[in-house]
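K.L.:
What follows is the residue order along each chain.
There are 2 protein chains.
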Amino acid sequence: MEKKQIGLNFFIPMPVVLVGTNVGGKDNFMTVGWCARANASPPMILCGIGNHHYTSKGITETKTFSINIPSPDLLEKTDYCGLVSGEKTDKSRVFDVFYGTLKTAPMITECPVNLECRLVQTVPLPTNTLYIGEIVGAYADSRVINEGKPNFPEINPLFLTMPDNRYWTLGKYAGDAWNAGKPLMQQGQKIEPVTVNE
Amino acid sequence: MEKKQIGLNFFIPMPVVLVGTNVGGKDNFMTVGWCARANASPPMILCGIGNHHYTSKGITETKTFSINIPSPDLLEKTDYCGLVSGEKTDKSRVFDVFYGTLKTAPMITECPVNLECRLVQTVPLPTNTLYIGEIVGAYADSRVINEGKPNFPEINPLFLTMPDNRYWTLGKYAGDAWNAGKPLMQQGQKIEPVTVNE
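Each protein sequence line maps, in turn, to chains Z and H.
Following our numbering, the numbering of the first sequence begins with 1 at its first residue and continues without gaps.
Following our numbering, the numbering of the second sequence begins with 1 at its first residue and continues without gaps.
Each hint should be verified, as a subset may be incorrect.
25 angstroms max Cα-Cα, derived DSS-like pairs, lysine-lysine [what the hints assert, rightly or not]:
| id | chain 1 | residue 1 | chain 2 | residue 2 |
| --- | --- | --- | --- | --- |
| 1 | Z | Lys103 | Z | Lys63 |
| 2 | H | Lys88 | H | Lys103 |
| 3 | Z | Lys103 | H | Lys3 |
| 4 | H | Lys26 | Z | Lys182 |
| 5 | Z | Lys3 | H | Lys149 |
| 6 | H | Lys26 | Z | Lys3 |
| 7 | Z | Lys103 | H | Lys4 |
| 8 | Z | Lys4 | H | Lys103 |
| 9 | H | Lys182 | H | Lys172 |
| 10 | H | Lys3 | Z | Lys149 |
| 11 | Z | Lys26 | Z | Lys63 |
| 12 | Z | Lys26 | H | Lys182 |
| 13 | H | Lys4 | Z | Lys149 |
| 14 | Z | Lys182 | H | Lys88 |
| 15 | H | Lys149 | Z | Lys4 |
| 16 | H | Lys88 | H | Lys63 |
| 17 | Z | Lys3 | H | Lys103 |
| 18 | H | Lys3 | Z | Lys26 |
| 19 | Z | Lys88 | H | Lys182 |
Covered stretches of chain H, going by a simulated chain Z footprint (3 or more residues, C-beta under 8 angstroms) [what the hints assert, rightly or not]:
| id | segment |
| --- | --- |
| 20 | 45–56 |
| 21 | 133–139 |
| 22 | 168–179 |
It should be emphasised that the hints constitute simulated quantities derived from the structure, not laboratory data.
Glycine included, every Cβ here is placed at the ideal spot set by N, Cα and C.
With the hints as extra help, turn the sequences into a complete structure.
P.N.:
Encoded structure:
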């Protein structure tokens, strides 16, 4: 397969989350695709947000935020929260909100999983800022937890791809992590690359 | 739906990438799930890696790394690269490798998309480090690019969920981003939360 150069502004497939903040005393939610775990212990998660977003103002003010995982039944509202800014539009009534131990990180009842985070570090970059938060509370609907573990098909998370700008569901089970590659461990150094058709 | 508290160490669904480095002159690949875009312009991407990984050594040495997106046909090898450390096992022959403009960021020919990155910032956290790289080269198999845009079902990326430790494929198209929520913009402030069954 021939490789060709493509535009540098490539986006890997992204999990879709709603970032909850309280800005000037009012709850606000923003759709974010730049979100990943940042530290194992203590558990930290990060989100990358454009420097001039209203959400950034909320995180800076309260030093807290929430991460909420929407399912496809919330797709319209999720997309809406990415279309309009809290600066001009009041998004405080879009969802049913609950609070955990932090009193300034509103969480979305309709989302099956919610994390409340205390800001630990801010990483300013040219056009965006990374907000790294320690997860201090985690909540889930009872139906999405089986034997203490999250059931991801039940959580039914969304993904976003760009620049085609499409949402996707979680697909099929493809294999067990830290297990599927074990047969190759026996082969060790003898593993050879797949022959590539030129 | 009743909310219950779950363990704080929750992981959002993660895109699976292979991070390529050159450590002490030898190519090495590590499976990583903590990867997200970090900055819009210039385009930057980040990966979070445990502090004592061999890959960290390579990034620190060369100030470069690559991000490669594997498809399910590479699942065994991808998992293998997460099971064994380059410190003890030579992973330089697991894949067919090519180089772009950077001479120390090996990319995987078998992966449909490859990004070569120049390290711009390191964010040390208690147990992990974030490596933020500027994307200086992006490559794709011609078959996964349609009309200049990446075709994600064709790229066929993998996702990882934890702590159930499973790989997943990309699911079904669920809606158009920056579009599906437009009907709600007309309603404006009148949007009401879905009634939640207590």
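K.L.:
Now tell me, hint by hint, if it's right for this structure.
P.N.:
Against the structure, the hints:
no. : hint                 : result
1   : Z:Lys103 to Z:Lys63  : holds, 11 angstroms
2   : H:Lys88 to H:Lys103  : holds, 24 angstroms
3   : Z:Lys103 to H:Lys3   : holds, 17 angstroms
4   : H:Lys26 to Z:Lys182  : holds, 23 angstroms
5   : Z:Lys3 to H:Lys149   : holds, 15 angstroms
6   : H:Lys26 to Z:Lys3    : holds, 23 angstroms
7   : Z:Lys103 to H:Lys4   : holds, 18 angstroms
8   : Z:Lys4 to H:Lys103   : holds, 18 angstroms
9   : H:Lys182 to H:Lys172 : holds, 21 angstroms
10  : H:Lys3 to Z:Lys149   : holds, 15 angstroms
11  : Z:Lys26 to Z:Lys63   : holds, 15 angstroms
12  : Z:Lys26 to H:Lys182  : holds, 23 angstroms
13  : H:Lys4 to Z:Lys149   : holds, 12 angstroms
14  : Z:Lys182 to H:Lys88  : holds, 16 angstroms
15  : H:Lys149 to Z:Lys4   : holds, 12 angstroms
16  : H:Lys88 to H:Lys63   : holds, 22 angstroms
17  : Z:Lys3 to H:Lys103   : holds, 17 angstroms
18  : H:Lys3 to Z:Lys26    : holds, 23 angstroms
19  : Z:Lys88 to H:Lys182  : holds, 16 angstroms
20  : 45–56                : holds (count 4)
21  : 133–139              : holds (count 5)
22  : 168–179              : holds (count 12)
The structure fails none of the hints (numbered hints given earlier).
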